[in-house]
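Chains as they are written, first to last, in this note's numbering: chain A, 705 to 1007; chain B, 705 to 1007; chain C, 761 to 1017; chain D, 761 to 1017.
It cannot be assumed that every hint is accurate.
Unchecked claim - Interface residues of chain D toward chain B, partial, derived using beta-carbon atoms under 7 Å:
#, residue
1, 771
2, 811
3, 991
What the hints contain is simulated information worked out from the structure, not anything from laboratory work.
Don't be surprised by glycine CBs; every beta carbon is placed ideally from N, CA and C.
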Amino acid sequence: MVNLSVKIKDLALKNPVMTASGCSGFGEELADFYDVSQLGAILLKGITPRNRDGNLYPRMAETASGMLNAVGLQNKGVDYFISEIYPRIKNYDTNLIVNVNGSTVEEYIEVTEKINELDRVTAMELNISCPNVKEGGMAFGVSCPSAEYVTREIRKVYDKTLIVKLSPNVTDVTEIAKAVEAQGADSVSLVNTFLGMAIDSETRKPLLSTITGGLSGPAIKPIALRMVWQVSNAVKIPVIGLGGIMNAADAIEFLLAGASAVQVGTAIFKDPRIPLQIIDGIENYLQRHHFNDISQLIGGLQV
Amino acid sequence: MVNLSVKIKDLALKNPVMTASGCSGFGEELADFYDVSQLGAILLKGITPRNRDGNLYPRMAETASGMLNAVGLQNKGVDYFISEIYPRIKNYDTNLIVNVNGSTVEEYIEVTEKINELDRVTAMELNISCPNVKEGGMAFGVSCPSAEYVTREIRKVYDKTLIVKLSPNVTDVTEIAKAVEAQGADSVSLVNTFLGMAIDSETRKPLLSTITGGLSGPAIKPIALRMVWQVSNAVKIPVIGLGGIMNAADAIEFLLAGASAVQVGTAIFKDPRIPLQIIDGIENYLQRHHFNDISQLIGGLQV
Amino acid sequence: MRKIVENFTVISNEACNLTNFHITLQSDHPLAEVFPGQFTNIEIPDNKDVFLRRPFSIFEVNNENRTISVLVKVLGRGSLTLSEVRTGSRLSLIYPLGKGFTLPAPDERILAVGGGSGVAPVLHLVRYAEANPGSADVILGAKSETEHLNAIDSYGKYAGLHYTTDDGTMGVKGLVTDHPLFGDLARYDRIYACGPLPMMKAVAREAFRAGVSCEVSLENLMACGFGVCLCCIEPTVKGNLCVCTEGPVFNINDLKW
Amino acid sequence: MRKIVENFTVISNEACNLTNFHITLQSDHPLAEVFPGQFTNIEIPDNKDVFLRRPFSIFEVNNENRTISVLVKVLGRGSLTLSEVRTGSRLSLIYPLGKGFTLPAPDERILAVGGGSGVAPVLHLVRYAEANPGSADVILGAKSETEHLNAIDSYGKYAGLHYTTDDGTMGVKGLVTDHPLFGDLARYDRIYACGPLPMMKAVAREAFRAGVSCEVSLENLMACGFGVCLCCIEPTVKGNLCVCTEGPVFNINDLKW
Ligand SMILES: Cc1cc2nc3c(=O)[nH]c(=O)nc-3n(C[C@H](O)[C@H](O)[C@H](O)COP(=O)(O)OP(=O)(O)OC[C@H]3O[C@@H](n4cnc5c(N)ncnc54)[C@H](O)[C@@H]3O)c2cc1C
Ligand SMILES: Cc1cc2nc3c(=O)[nH]c(=O)nc-3n(C[C@H](O)[C@H](O)[C@H](O)COP(=O)(O)OP(=O)(O)OC[C@H]3O[C@@H](n4cnc5c(N)ncnc54)[C@H](O)[C@@H]3O)c2cc1C
Ligand SMILES: Cc1cc2nc3c(=O)[nH]c(=O)nc-3n(C[C@H](O)[C@H](O)[C@H](O)COP(=O)(O)O)c2cc1C
Ligand SMILES: Cc1cc2nc3c(=O)[nH]c(=O)nc-3n(C[C@H](O)[C@H](O)[C@H](O)COP(=O)(O)O)c2cc1C
Ligand code: FES
Ligand code: FES
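Same shape as in the complex, but just chain A:
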């Protein structure tokens, strides 16, 4: 028997594999395929204080080994979440983590205070890295002062495990990571999507209604992995790695680079079972290599 459980501050994960926000709905769609209690955690779809329609169609474009999305945080608002969705999902036997968004610090606080009351939401992910919204979002995540500010304000109102989700669209991601660590973040997750663009050469029009969108999938994995490695070496808090993870080998690379846990996003669109396959694959790897604890992999890169 190998031990797959990890702890991110007070967040106890039965295994280090979570779904990524915006790629697994509220867990219900995955539950159509399998028992979601097998997952380490479900990162719920990004939530804002009030209903957001998101961006206009078309919202996605396929790219080489990846995709662009411009969903723009479509959601029905935190109150709807609490009254309609939370009751349906609160008995999943896994960690539910809310991805918190806002256009202003006040909006972030508003959502945070409300979800702080939910027993079964065991952690929150502060999204300061969404490239698909006009206000807030990534703007908070690309400069140290604003990242510090929003983290500090949220820390004041949130008691449980606070994960800050970092943007890769920066010159030095370690600076931002250190800044939010200093303000009390319990963990950082990275990366969110890269700002990208796609054009239809025949029609000479952008493929997304918003012109630019967020790039995800295997294409970004090498950059994401580098950032996770840099940040793991720069901060003391646990790091959660993501970006293009498609299989157990990919996940293990992020763990070796220093991540304590991983998230699976775009891969779910290709096959919703991939998170479970990754859990099995990691367990199998540990056995094959005669490790008995996942902690032996974390940061185990031999340089």
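Keeping the supplied structure of chain A fixed, place chains B, C and D with the ligands upon it in accordance with the hints.
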């Protein structure tokens, strides 16, 4: 007949397709396959003042729709170039553009002054974006003051067309572009490679001797295209676009996004004829869409 | 609703004409129940330029043989690769996806209109509803005779089959809405349409004018196909709805056309 | 030197054993001249996980039939896909690449050592040099009999064929350097080796001790294969050299082993 020629300041290109630096040697290897005078320009391999051995093997790793390299500017130095290589290639009937590198501003100046004397080198590309060297390189390209400084000093000693090659590893590439434009750059080319990393999960070792390396290929195209579009909208000087261009449709997307010319890098490794196929493809596109001048495509994105 | 990811075996791949292929796929297990208008998201094998799955309406279902089939129109790189798939190869399918058409009551008269690759769900519907030529009409539209699907004559037992072509080489010359049956829509209780957007909009306009209930099946671009990505949304009177889970079939009254 | 990018047709693909495949490819045009030790960079079709070409030594050359062949050992994703290629399909090759072996003079005695996928260039050499069993010996090393290639008996007319296996199931038990022929290397004028790095280093050590000229063919990772990327370099006494253009064959005196 359609017109494919473009001008970048004093640099007259018979068509907008160049090879990218470090991906086409000194043109001689391509000449083993075809007549290189068909190309708009050949970007020569990065040159430093003195011999550089480059980084240790292994220097490359394949990634999803791309590759990482850690060549590290291996070259025999500018004097060797001038005495041994230049005489062999100077009669190619196309533009020869030297990619200039250094660890210090003095080193950049040293190379620039020497190649300024070469009649057949019609332009230079100032590389302030190489992620694979310890000193100089990308360090100059990720902050405005240092990018400004090196551009200003080089402008003083270089008379012909000065192209500055920008790094994509920054929060806001338009700031750097505007900074070098203000210092007299005649053009900017972007993007150089993204800093990335690859790990062998089985051996738990990095796949590159340098741990991190530069990501190129189709994987990066959406991000490169976004940056070219942003920079084209931010500066008045012509922009040269590159990053993952594999075929004529890709090249046309960069032109539509605002590039006046394009460079083809990693695609050459897959098939050295791709730059020629792109020239044909652009010509064919213009005819098919009833354009008679390439200038009708440049910046022609319909938003 | 239970959904499945499963490898099916290609048991036949027949060219219907130059650009349409009828691919029949067999499961190793008993099939899940499939309703007309539902679709499957297929992993395209072996194509370096395709990253995501591609959605296709489920055309025919045979529970005994554990087979489903799809009609694939070659439009781009993914559908091209799929059209070249060989008998015996395995394809990963996610199914059944989406909500199907509202089934007609036994005594209702229906008109089903299919254009291009949109014929699959409407033919599935008339067969599934056990319609008959007395109560059901199908109009199939195409650019030219060469684009019409062969081997659908057997559907004559479920519906009156009518054809239109843009160039007049088969059936009535013109668009589907130019067919004489559109002259008197009021005799139908329900109209169903699937095909290119302009066609569906034209049908919707006529149905609306005639005051007949009409459902259309949308083909918005999809990433996941099962409701997690929110890429496929369609603006409706109920807000942005997911085409993959709350559609692909919509009543035209809900759409903002 | 003129190099070519060209689509070849697969005219046969034979399994030599569980992990080695002999693939013969036909050109539409007269072949370029190929020397032993030269290689080709092959575009791997249809595999979403492979981006770059993969280099393989040219094994047999038949100018009349316009065919060349490669021996592919399945090591990872690219070689696996290649090993499954079907007769009739087309593969894009870049060839001829690299510098080959220094050919032996007619009166020179040679020892050629091949391990694993490294047998292709050394067998090409003995055949090309029109060697004969009196003047040439070949030692082929493998882990076990099951990994030895069949259908190379015809090379008996060019050289004495000798085998070693790690487990002793065929020929001498042990590494290639455990073969008795290594007891008296001085009788050879030239030694050639291609195979796994440890094997080549062991052969080089023995050749160096015996003072016999020795060339090895390296298999460094490559991106382009024709000299533009500088990814494949090997440190030598002449500095970092490109294995793809200044090799893959090197004299051991030039290497920093
Ligand atoms: C619910 C649903 C059911 C469908 N049922 C069928 C079916 O039964 N038979 C069938 O042949 N097709 C069907 N389609 C459409 C099919 O999914 C697309 O034709 C296919 O995905 C195209 O993939 P490709 O890789 O060949 O095209 P690409 O190479 O990705 O694109 C080629 C061109 O077609 C455009 N395009 C691609 N997909 C669509 C789309 N969905 N709508 C409009 N334009 C598009 C692209 O923008 C591009 O210009 C259905 C789609 C949906 C959403
Ligand atoms: C000049 C030259 C000639 C060659 N001739 C032959 C030949 O005749 N027959 C033959 O079977 N092979 C030959 N090879 C090796 C062949 O190119 C590799 O085995 C092949 O590229 C592996 O690709 P893959 O996608 O299967 O492996 P991948 O999936 O890319 O890698 C699988 C594993 O193998 C390792 N690996 C991959 N390539 C190499 C390599 N070149 N050296 C060491 N480790 C490697 C990887 O690091 C990885 O651990 C030659 C290589 C060169 C450079
Ligand atoms: C369609 C889509 C929607 C997303 N929505 C959110 C979101 O609401 N909040 C968030 O923090 N990240 C969101 N993301 C980003 C992912 O959580 C993840 O950071 C990114 O996709 C990289 O991981 P991947 O390559 O595994 O997908 C979204 C990504 C996609 C593709
Ligand atoms: C092997 C390799 C070597 C490179 N060497 C240089 C160089 O010497 N100077 C430079 O400015 N860029 C260099 N580059 C970057 C390319 O010129 C180009 O900016 C980058 O690869 C993105 O374009 P692509 O995706 O078309 O390759 C190199 C790239 C590769 C892959
Ligand atoms: S396609 Fe993902 S939600 Fe509809
Ligand atoms: S593989 Fe590119 S230079 Fe040798």
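Here's how the hints hold up against the structure:
{"no.": "1", "hint": "771", "result": "violated (23 Å)"}
{"no.": "2", "hint": "811", "result": "holds (5 Å)"}
{"no.": "3", "hint": "991", "result": "holds (4 Å)"}
Hint 1 alone, counting from the list given before, is not met by this structure.
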